[in-house]
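Colleague: Sequence:
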Amino acid sequence: RGLGIDPSCIIFHGHSFGSSVATRLAAFLTSRGKAPGGLILESPFTEVLDVSMESSMSPFSYLPSSFNDIFKPLLKSKLKHKFQQVKFIKNVSSPVLFLHGEKDKIVPATMSSKLYKIRESEQTLCIESDVP
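Quick note: the sequence shown uses the numbering used here, first residue 1, plus one each step.
Be careful, since some hints might not be right.
As the list claims (entries may be wrong) - Computed cross-link-like contacts, BS3-like style, restricted to lysine-lysine with a CA-CA straight-line distance of at most 25 Å:
| # | residue 1 | residue 2 |
| --- | --- | --- |
| 1 | Lys-90 | Lys-80 |
| 2 | Lys-76 | Lys-114 |
| 3 | Lys-114 | Lys-90 |
| 4 | Lys-80 | Lys-34 |
| 5 | Lys-90 | Lys-76 |
| 6 | Lys-117 | Lys-87 |
| 7 | Lys-117 | Lys-103 |
| 8 | Lys-78 | Lys-103 |
| 9 | Lys-76 | Lys-87 |
| 10 | Lys-117 | Lys-105 |
| 11 | Lys-80 | Lys-103 |
| 12 | Lys-34 | Lys-90 |
| 13 | Lys-117 | Lys-90 |
| 14 | Lys-87 | Lys-114 |
| 15 | Lys-105 | Lys-76 |
| 16 | Lys-82 | Lys-114 |
| 17 | Lys-103 | Lys-114 |
| 18 | Lys-72 | Lys-117 |
| 19 | Lys-105 | Lys-72 |
| 20 | Lys-90 | Lys-72 |
| 21 | Lys-117 | Lys-34 |
| 22 | Lys-105 | Lys-87 |
| 23 | Lys-72 | Lys-82 |
| 24 | Lys-87 | Lys-34 |
| 25 | Lys-117 | Lys-82 |
| 26 | Lys-72 | Lys-114 |
| 27 | Lys-76 | Lys-117 |
Simulated from the structure, these hints should not be mistaken for lab results.
Given only the sequences and the hints, what does the whole structure look like? Please build it.
Modeller: Right, dumping it as structure tokens:
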């Protein structure tokens, strides 16, 4: 079954929310011995909960950090799908290119940096200061 395409010839690309889907798919295929040829993550986030707490667009980001200790566990318990790239990125054996704009107001660029630090395989991190 299949199209007969060598998985190493396929490169996945995900932007923002789609980066979580691309990461999960790449991790799944890697676990099946069919790792894609590469993964491009544009403005990736660590997990949905982090974006909801840290994004400058989130009302939670304006609360004192002491409130995070109260709201974060509450939100976590209510989320059905957590989209935890932080959990799956380490299972991707393909080369990864992280792209992020330093002025991104929705997903902080620090999230790309966190994902980059988790990985131990071939990867590149590019954070542009002139790109929103």
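Colleague: Would the pair Lys-87 and Lys-114 pass a check requiring their Cα atoms to be no farther apart than 25 Å?
Modeller: With a Cα-Cα distance of about 12 Å, the restraint between Lys-87 and Lys-114 holds, given a limit of 25 Å.
Colleague: For the pair supplied as a hint, Lys-78 and Lys-103, confirm whether the alpha-carbon distance does not exceed 25 Å.
Modeller: violated, 30 Å
Colleague: Given the hinted pair Lys-117 and Lys-34, is their Cα-Cα distance within 25 Å?
Modeller: Holds. Lys-117 to Lys-34 sits at ~24 Å (cutoff 25 Å).
Colleague: Please verify whether Lys-117 and Lys-87 have alpha carbons no more than 25 Å apart.
Modeller: holds, 13 Å
Colleague: Straight-line Cα separation of Lys-90 and Lys-72 no greater than 25 Å?
Modeller: The hint holds at about 24 Å.
Colleague: For Lys-72 and Lys-117, compute the direct alpha-carbon distance and say whether it is at most 25 Å.
Modeller: The given pair, whose Cα atoms are some 23 Å apart, holds under the 25 Å limit.
Colleague: Is Lys-90 within 25 Å of Lys-76, Cα to Cα?
Modeller: holds, 22 Å
Colleague: Could you grab the alpha-carbon distance between Lys-72 and Lys-114 and see if it respects the 25 Å cut-off?
Modeller: Answer holds: Lys-72 to Lys-114 is near 19 Å, not above 25 Å.
Colleague: Are Lys-72 and Lys-82 close enough, with their CA atoms no more than 25 Å apart?
Modeller: holds, 12 Å
Colleague: Next pair to validate is Lys-90 with Lys-80; report whether the Cα-Cα distance is within 25 Å.
Modeller: Holds, because 22 Å separates the two Cα atoms, which is no more than 25 Å.
Colleague: Within 25 Å, alpha carbon to alpha carbon, are Lys-117 and Lys-82?
Modeller: holds, 20 Å
Colleague: Does Lys-114 pair with Lys-90 here, judged by a C-alpha cut-off of 25 Å?
Modeller: Roughly 12 Å between the alpha carbons, so the hint for Lys-114 and Lys-90 holds.
Hint violations for this structure: numbers 4, 8, 11, all remaining hints satisfied.
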